[in-house]
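Student: Given chain B, put chain R in place with the hints provided.
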Amino acid sequence: DTGVSQNPRHKITKRGQNVTFRCDPISEHNRLYWYRQTLGQGPEFLTYFQNEAQLEKSRLLSDRFSAERPKGSFSTLEIQRTEQGDSAMYLCASSRWVGRAGNTIYFGEGSWLTVV
Amino acid sequence: AQTVTQSQPEMSVQEAETVTLSCTYDTSESDYYLFWYKQPPSRQMILVIRQEAYKQQNATENRFSVNFQKAAKSFSLKISDSQLGDAAMYFCAYRSDTGTASKLTFGTGTRLQVTL
Numbered sequence: 011d012t013g014v015s016q017n018p019r020h021k022i023t024k025r026g027q028n029v030t031f032r033c034d035p036i037s038e039h040n041r042l043y044w045y046r047q048t049l050g051q052g053p054e055f056l057t058y059f060q061n062e063a064q065l066e067k068s069r070l071l072s073d074r075f076s077a078e079r080p081k082g083s084f085s086t087l088e089i090q091r092t093e094q095g096d097s098a099m100y101l102c103a104s105s106r107w108v109g110r111a112g113n114t115i116y117f118g119e120g121s122w123l124t125v126v
Numbered sequence: 003a004q005t006v007t008q009s010q011p012e013m014s015v016q017e018a019e020t021v022t023l024s025c026t027y028d029t030s031e032s033d034y035y036l037f038w039y040k041q042p043p044s045r046q047m048i049l050v051i052r053q054e055a056y057k058q059q060n061a062t063e064n065r066f067s068v069n070f071q072k073a074a075k076s077f078s079l080k081i082s083d084s085q086l087g088d089a090a091m092y093f094c095a096y097r098s099d100t101g102t103a104s105k106l107t108f109g110t111g112t113r114l115q116v117t118l
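Residue numbers (this note's numbering), protein chains in the order written: chain B, 11 to 126; chain R, 3 to 118.
Excised from the complex, chain B in its bound form:
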């Protein structure tokens, strides 16, 4: 396994611009998760997919945020009209769901977003 891959690793954008992050999960992992982590905090759940279906979205995921996983493989997280409060690390993770919550969730290295 090559691990969960995220890009870009760092993004600086001006307020009001749109940004998109991509996540490539471990192959054959049917679940893919997005989390947001700010400095000094633990990761906060945003959304997750099982195959191509988006099964849960957090209240943190405002209407400016959209996530897709069109073919059940890679996923994109788009933030429209970015605000300074969106500055954070966006973590992607994946797992192979086998019916129990104990299966390991593997994380990527994250994509840092700075909104200036």
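Hints are supplied without guarantee of correctness; some may be wrong.
What the hints assert, rightly or not - Per the computed footprint, the stretches of chain R lying under chain B, defined by three or more beta-carbons under 8 Å from a beta-carbon of chain B, are:
#, segment
1, 69–78
2, 86–100
3, 107–116
Claimed, not checked - Here are the simulated distance ranges between beta carbons:
#, chain 1, residue 1, chain 2, residue 2, range
4, B, 17, R, 43, 14 to 24 Å
5, R, 87, B, 88, 34 to 44 Å
6, B, 81, R, 59, 38 to 48 Å
7, B, 64, R, 19, 27 to 37 Å
8, B, 27, R, 118, 42 to 52 Å
Calculated from the structure, these hints are not laboratory results. By construction, the Cβ of each residue, glycine as well, lies at the ideal position given by its N, Cα and C atoms.
Tutor: Only chain R this time, still in chain B's reference frame:
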């Protein structure tokens, strides 16, 4: 909603010594998993150890072990024979084993320093 609390923002341990990181959680569920994740600086989060709530026996993984007290809703991590490579942020996390068992809920983390 489940919550996870880590009351120690920072801990320090000397190389080769033992350190215990604390975690408490709140849930009304009976079926769940608890995890400790390690996040080294600028590197991805990796799973250290997991505990199934229905198991009374505490999990161990080499130098890492937990003290799981279900009634007290406490889940501490003990690191024995600490090594320089153990320096990282450690996050305690909860995951429900009911329904679709989606997200991990994380605490705010404990930064562990390892000194010579």
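Student: Next step is simple, just say for each hint if it's right about the structure.
Tutor: Hints and how they fare:
1. 69–78: Not satisfied, violated; 0 residues make the cut.
2. 86–100: Holds, because 5 residues of the segment 86–100 of chain R bring their Cβ atoms closer than 8 Å to Cβ atoms of chain B.
3. 107–116: holds (count 5)
4. B:17 <-> R:43: 14 to 24 Å: holds, 20 Å
5. R:87 <-> B:88: 34 to 44 Å: holds, 37 Å
6. B:81 <-> R:59: 38 to 48 Å: This hint holds: roughly 42 Å between Cβ atoms.
7. B:64 <-> R:19: 27 to 37 Å: violated, 46 Å
8. B:27 <-> R:118: 42 to 52 Å: holds, 46 Å
In the structure shown, a violation is registered for the earlier hints numbered 1, 7, in ascending order.
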